[in-house]
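Number of protein chains: 2
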Amino acid sequence: MSEGVEWVLHTCLNLTWLPAGQAVPAAKLAAFYGLPAAYLNKQLQALARAGIVSSASGPRGGFRLARNPEKITLLDVVVAIEGADQAFRCEQLLRRGPGADPEVDYRQACLVSQAMRRADLAWRRELADQTLADLKAAVERRYPATPSNTVNRFVALRA
Amino acid sequence: MSEGVEWVLHTCLNLTWLPAGQAVPAAKLAAFYGLPAAYLNKQLQALARAGIVSSASGPRGGFRLARNPEKITLLDVVVAIEGADQAFRCEQLLRRGPGADPEVDYRQACLVSQAMRRADLAWRRELADQTLADLKAAVERRYPATPSNTVNRFVALRA
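Sequences listed follow chains A and B, in order. Residues -14 to 144 in my numbering are what the first sequence spells out, letter by letter. Residues -14 to 144 in my numbering are what the second sequence spells out, letter by letter.
Derived from the structure by calculation, the hints contain no laboratory data. Be aware that a few hints might be false.
[Claimed, not checked] Some residues of chain A that are not near chain B, with every Cβ distance over 12 Å (derived):
{"hint": "1", "residue": "Ala11"}
{"hint": "2", "residue": "Ala33"}
{"hint": "3", "residue": "Gly43"}
{"hint": "4", "residue": "Glu55"}
{"hint": "5", "residue": "Asn137"}
[Said to hold, decoys possible] Quick partial rundown of chain B residues pointing at chain A, CB under 7 Å, derived from the structure:
{"hint": "6", "residue": "Glu(-9)"}
{"hint": "7", "residue": "Thr1"}
{"hint": "8", "residue": "Arg74"}
These figures come from a predicted structure and were not determined experimentally. Heads up, the beta-carbon is just placed ideally off N, CA and C, and yes, glycines get one too.
If we strip away everything but chain A, and leave its shape as in the complex, we get (with noise of 0.2 Å):
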C-alpha cells in the first residue's frame, strides 16, 4: 500500500476540524507535515475524482471535503488511492489443472480464491464501518487539544 495511504487518511481529518467550507491550497495541506507538494497533490486529485474533496481555483481556492465527514468511510479514501482492486490476484491457475473447465469462472468457482476473497471483504468490512466523523470524535476524545492544534497549524501556514 502506497505511503499516500496514510498521507491522505491525516489530510482527510485535519481538514474535518476546519470551518465548513473552508478550501486548503495543496501546498499548505503538503506544509502542514513536510510532504513533497507535487506527489500529495497527486493523492488528493485522485481523491477529488473519487468526491471525496471538491477542488476551486482562485485566491481563497484549494481542497475542501466535498461531503460530511458521517458520509465519507476509511474505505471510501483508501480506495480512491489504492483502487478496488483485491490484494490477492487470482490468475485462474486451475485453467490449467486436471479436469478444467473452459467455460469455468474460477475467480468465482475457485474455493481458494473464494477464501482469499472472504479476507479482502472482512478488510473492506472493517474500514467501511468506519467513518471520517467516527475517527474525528474518537480523535477529539483522546486527544483533546488535536483540533485547536490543527487549526492553529493551518492559521500558521496561512500567515
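Knowing the structure of chain A, use the given hints to seat chain B on it.
Here is chain B on its own, set in the frame of chain A:
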C-alpha cells in the same frame, strides 16, 4: 500480493491428496500447472523456512507437507510468501504534526494507524480461521473428482 501466493496455496492443497509422506520434486509441482520451475522453487523454499513443507533430496526426494493439514492455516501460507508486515505502512506522520511528542510511538497511539490495523487483523483472522484441511474438505464436497484428478496428474507427470 505476488502471484506466488496463488501458486503455493494450490500446490499445498494438491499435496494434501497424496499418500502421507510422499514427496514431489519441485519440477513436477511446477509442471502440474505449467509454472516457471525456478520461481516456484523459490516460493517452496520460503514455505520450507516457515515449516510448512519439508524437502528431502535423493531419488525419492522432493517436497511434502511438514505438518498435518489441520495445523496449517491459510494465513501461515500467505505470511510465508508475503512476510508478516501489514499492507498499510505507518510512517508515524503525527511526529511531524502539531503537538507531537517525540517520546510517543505513534504506530500505537495514532487512531488512523489503529483503524488500519483493525482492518488488517480482520483480514488475518479470516485467513487464520481456515486450515488446509478445511479447504481440502470443502473442495472434496464441492468437486468430488478433484482428489483423483490431482493424483492422476501427478502420476502422469511421473511417467
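Does the no-contact call for A:Glu55 survive, Cβ to all of chain B over 12 Å? For A:Glu55, whose nearest Cβ neighbour in chain B is about 16 Å away, the distance exceeds 12 Å, so it holds.
Status of the B:Thr1 interface restraint (C-beta, 7 Å, chain A): violated, 12 Å
Non-interface claim for A:Ala33, where every Cβ of chain B lies beyond 12 Å: holds, 20 Å
For A:Ala11, is the shortest CB-to-CB distance to chain B above 12 Å, so the non-interface label stands? About 16 Å separates A:Ala11 from the closest Cβ of chain B, which puts it past 12 Å; holds.
Holds or violated: is the Cβ of A:Gly43 farther than 12 Å from all Cβ atoms of chain B? Since the minimum Cβ distance to chain B is about 27 Å, A:Gly43 lies beyond 12 Å and the statement holds.
Hint validation: B:Arg74 versus chain A, beta carbon distance must be below 7 Å. Holds or violated? holds, 6 Å
Examine each Cβ of chain B, and state whether all of them lie more than 12 Å from the Cβ of A:Asn137. violated, 7 Å
Have a go at the B:Glu(-9) hint: is there a Cβ in chain A nearer than 7 Å to its own Cβ? Status holds, d = 6 Å.
Consistency note: the structure conflicts with the earlier hints numbered 5, 7.
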